[in-house]
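Please work from the sequences and hints to get the whole structure.
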Amino acid sequence: MDVSLVEHLLLNIEETVSIVLFGIGFTILLLHRNLIKKIMGMNIMDTATYLFLASKGYITGRAVPIVVDGIQDVSAYINPVPSGLVLTGIVVSVSTTALMLALTIRLYERYHSLDLDEILILAKEEEQT
Amino acid sequence: MSFVQNFPFFSIILAMFSGIVSSVLSGKKARNLSLAMIVVTTALSAGTLAFCLKTGQSYTYMMGHFPAPWGNEIRAGVLEGVTAVLFGVVMFLSVAGGMTHTAEDVEDGKLNLFYIMIDLMLSSLLALVYTNDLFTAYVFVEINTIAGCGLIMIRQKGRSMSAAIRYMIMSQLGSGLFLIGLSLLYDVTGHLLMSPAKESVELLVASGSYRLPLLVIMAVVSVGLAIKSGLYPFHYWIPDTYGYATPTGSAVLSGLVSKGYIFLLIKIFYRVIGYENLVGAQMINVLYLFGVAGMVMGSVHAIQETDTRRMIAYSSVAQIGYIYMGIGLGTTAGMVAAVFHIFAHSATKALLFISAVGLYEVSGDRKDFVSLRGAAYRNPLAGIGFAVGALSMVGFPMLSGFISKLLFATSAFDSPTKMLPTLFVLAVSTTLNAIYFLRLVITLYSRRREGDKPLPPNPVKKSSRGLKFAIVCFIGLNLVLGMASQPIVQAITDGLAMFE
Amino acid sequence: MSRKKDNYETSRWRKFKSWVDGETDPLDHGMEAHEAIPPREDIYDSPAHEKAVKEELSRIYGEDRKAVLRARGIRYFQRFYKVMSVVLCLGIIMVLLWTVASLPITGNASNPDNNEVAARYIEKGLQETGAVNIVTGMILDYRAFDTFGESCVLFIGSCCVLVLLRLDGDSKNESIRKMIAESDDRHFEPKNDIILQKCACVLVPIIMIFGVYIVLNGHLSPGGGFSGGAVLGSGLILYLNAFGYGKMGKMFTEKLYKRITLCALTFYCLAKSYSFFTGANHLESKIPLGTPGAILSSGLILPLNICVGLVVACTMYAFYTLFRKGGM
Amino acid sequence: MRLFECILLLSLIVCAMSVAFTKDLLTSIIIFMSYSLIMCIIWMILQSPDLAITEAAVGAGVTSILFFLTLKKIRAIRKEDGSEQEEG
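Top to bottom, those sequences are chains P, V, E and A.
Residues 26 to 154 (my numbering) make up the first sequence, in order.
Residues 1368 to 1867 (my numbering) make up the second sequence, in order.
Residues 271 to 598 (my numbering) make up the third sequence, in order.
Residues 4 to 91 (my numbering) make up the fourth sequence, in order.
Worth flagging that the hints you see were computed from the coordinates, not collected in a lab.
Please note that the accuracy of each hint is not assured.
Claimed, not checked - DEER-style ranges, computed between Cβ atoms:
no., chain 1, residue 1, chain 2, residue 2, range
1, A, LYS82, E, PRO475, 34 to 44 angstroms
2, P, VAL93, A, LEU11, 21 to 31 angstroms
3, A, LYS82, P, ALA88, 47 to 57 angstroms
4, A, MET4, V, GLU1643, 40 to 50 angstroms
5, E, PRO475, P, ASP94, 27 to 37 angstroms
6, V, LYS1395, E, VAL472, 47 to 57 angstroms
7, V, LEU1787, A, LEU11, 55 to 65 angstroms
8, P, LYS149, A, ILE80, 19 to 29 angstroms
9, E, GLU386, V, PRO1854, 37 to 47 angstroms
Even for Gly, the Cβ is constructed at its ideal location relative to N, Cα and C.
Dropping the structure here:
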């Protein structure tokens, strides 16, 4: 059936929203100079990718992939693979966030600034003196 | 299922296990464990290589009780064996070469944490080389990124921490794009393992459906891994990262980490998208253009640098441009040249960084040209090592750089449209390389002038045994890659043939 | 003779020779502004802060007219740089949205990814792994190598935070930072806050029981090592906040943290290597799967869940203490 | 249920945009916490409770605690060196 572009986007509402969130996270990560904002942007970007991945496995009208009183028929449950992958992904983004926050604290202790470009300029000057 | 076939699995698990165990050991014990583990892992990889050469084809190894599309699997072949052996050798020599400086730079309470990162980086590199599953590749790409960031920031100086956070931000951009590419591929093909994914990609290409998503997958995955390996327009984090890490850290980061991502990209090109579909798409030319731009602009930036470590870092931007230009040529000869240049560059770059350490030691730990003048007379072995590395980079016969430039030139003849630009850019980039590398060699071997700033009066430090051993072995490795290159090139061609 | 001498100083050869000796940089003037500001052609780095750039330029050049001209040029280049980045991001979003428009529609059963891979997980998942929760069965048995890499990501993340924030107090500047961290901690934490302590007395046991329930029932109900460990970790954090480091130190010290992480990860590594080795060499693994639905069922999955739960709980608690005071 | 999901997805975008445009760090962290909470509910609607509990405990719980701690640490350092320059 030939579905127009916008209608198709509305049918895949989860993927569209996750791509828009990916774009917002990507822009925050690129354009904001404050380090904590950048880390939040990175988190938004990661969760958006996981939303994109997990909405692939969703099948309307099917239940959670936990075997309930012996029913093991494929048409009863959704696809378990994406939720397994996203479970791994969430813990990856937690450890990356913790690492970057620790770096932010150490950089603020030394340069008293959260602005990445100011830190780079101060670091360059500090090395020249 | 002969016992030798377990070796790739053993090497990955052993590297990870020694990383976990050295969390409770003291600094020195952790270092010895790490060195011993790297030796054993290289021996295991050599065993795998021998087995694959004997049988002449690659084999897949089921991780767990369930066959391919359900459980994970790793796949070992001739090309994976050669890469694993070379990565092990370069890692061992870099760790041995930078031992004393690591002990000075890192507080002794945290020295074992440094060796945890070295172990886990080796295990993630081996996993990237051997894996046959895309999401496992993503998890080990993340381990590689965090370990690399740890290697940069372990000096805890202002400059290295700001370099580390910039490296993390750029790598997270790359990982985000790579993960979006993975999810698109999973959605369109339904498989995450490379071989079944390839069959469904073949079906899709044949039936002509989902043409746009396949193109976007190729673009996003290539751009994501190009950002992580520092290809030209995304190279901005490289000079600070390689310039301000510990000597071992910068040797490992420049020699091995970016090569792991490029190897993964080649594997995805061959095993998931299929080489003929790739050549058909326009993505190859985009990589070619980025590579060519990197070759020229990397050297131009290197000429303007006054700090020698940043200059070497910019030269590795140019060399990564070479590799992507080789991939972008679109011919199998071009791919063979690119893979050989991965080996040649990791050996030469690690030699340059390690021997540069020997030169800085004797010139008052200052890195600019004036204070380095005559350093080669004060530390002759480091001087020779740097000269050999510089000549190999410029393409002096008998050294590895010459062979890779030769391979690039001959492979350029196969693709008629790209022949002229390739040869022209090869010539320009080699002359630019010659300018800034030979300039530094001339400075090293020219006498000190009376007008120069006096060196700090600290006694001329004798470079440690590990540093001397590492420089000699790296020179040997370069000579082996240079002179005995025929068997290696043959192994690469066979490996690429059985790569599908 | 003299004419040749004095134009030698300004001659190109003299400049080249001094450049080879490393004294002067031929492109010195042109590149100076270039050095201070990230170069233009790199589109992926965030643009310089307006204020910092102006202040930086004025300080380096003073009122030199050429510098003012270049400063204005730099500002245009900065604004162009910012616009270029936004355009690039919008371009990426448009391309991805266009791709989403041609992807299969979410939710219908005939999507390409509901193929035989997912079918086998659902149909034979219970028999082969013994886990009622198919997702946990898939994570800890079918695709166990990913989850093994996963716990190593968490382990190396905690190592990096240890490198950055742990204060051993031995080297000189380290001990100064340790004193500052100590004084910060005492100054900001309300000690012996009765309300918090009373709430903690009620809440902490419930949180701990809930966390243990999630870890132990990982293969029966949703949850498992990661989420259960995080709940346990937050319980420990609440207890630390209510009763302070003294009481917590009696129960949970740095040495205990290292030992737990080592034992849990070693057991995880050995158990998984055993199952990989037996699987690859087609040996029969002698681990009973037990009756589905019972707690002690599904072979290795329960002990693995416990190990992952312990590692995650200790790591989350270690993150909190390292961020707050740089030590347990 | 579909309408409820669309409302939640819309509020996700609103949260992400407001994180981008708020000036004060503390409010953006709190908005980021609510972003994780909404994401957690969406996982429930997409029939994957494993993700919901992990996102709640690991994502919303620990990440937000770490963000608050970083902010407290930075405010402590700024108050201690008394610089009155208001950091954005």
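Tested hints:
About 36 angstroms separates the C-beta atoms of LYS82 (chain A) and PRO475 (chain E), a value consistent with the hinted range of 34 to 44 angstroms. The hinted window of 21 to 31 angstroms between VAL93 (chain P) and LEU11 (chain A) holds, with their beta carbons roughly 26 angstroms apart. For the pair LYS82 (chain A) and ALA88 (chain P), the beta carbons lie near 53 angstroms from each other, so the given range of 47 to 57 angstroms is met. One distance hint, 40 to 50 angstroms for the beta-carbon pair MET4 (chain A) and GLU1643 (chain V), holds here, with the actual separation near 46 angstroms.
Distance hint for PRO475 (chain E) and ASP94 (chain P): a CB-CB separation of about 33 angstroms, consistent with the stated range 27 to 37 angstroms. Remark: the range hint 47 to 57 angstroms for LYS1395 (chain V) to VAL472 (chain E) is upheld by a beta-carbon distance near 49 angstroms. Between LEU1787 (chain V) and LEU11 (chain A), the C-beta spacing of about 57 angstroms keeps the proposed range 55 to 65 angstroms intact. LYS149 (chain P) and ILE80 (chain A) have their C-beta atoms about 22 angstroms apart, which keeps the hinted 19 to 29 angstroms range intact.
Checked against the given bound of 37 to 47 angstroms, the beta carbons of GLU386 (chain E) and PRO1854 (chain V), roughly 43 angstroms apart, stay inside it.
Violated hints for the displayed structure: none, as all numbered hints are satisfied.
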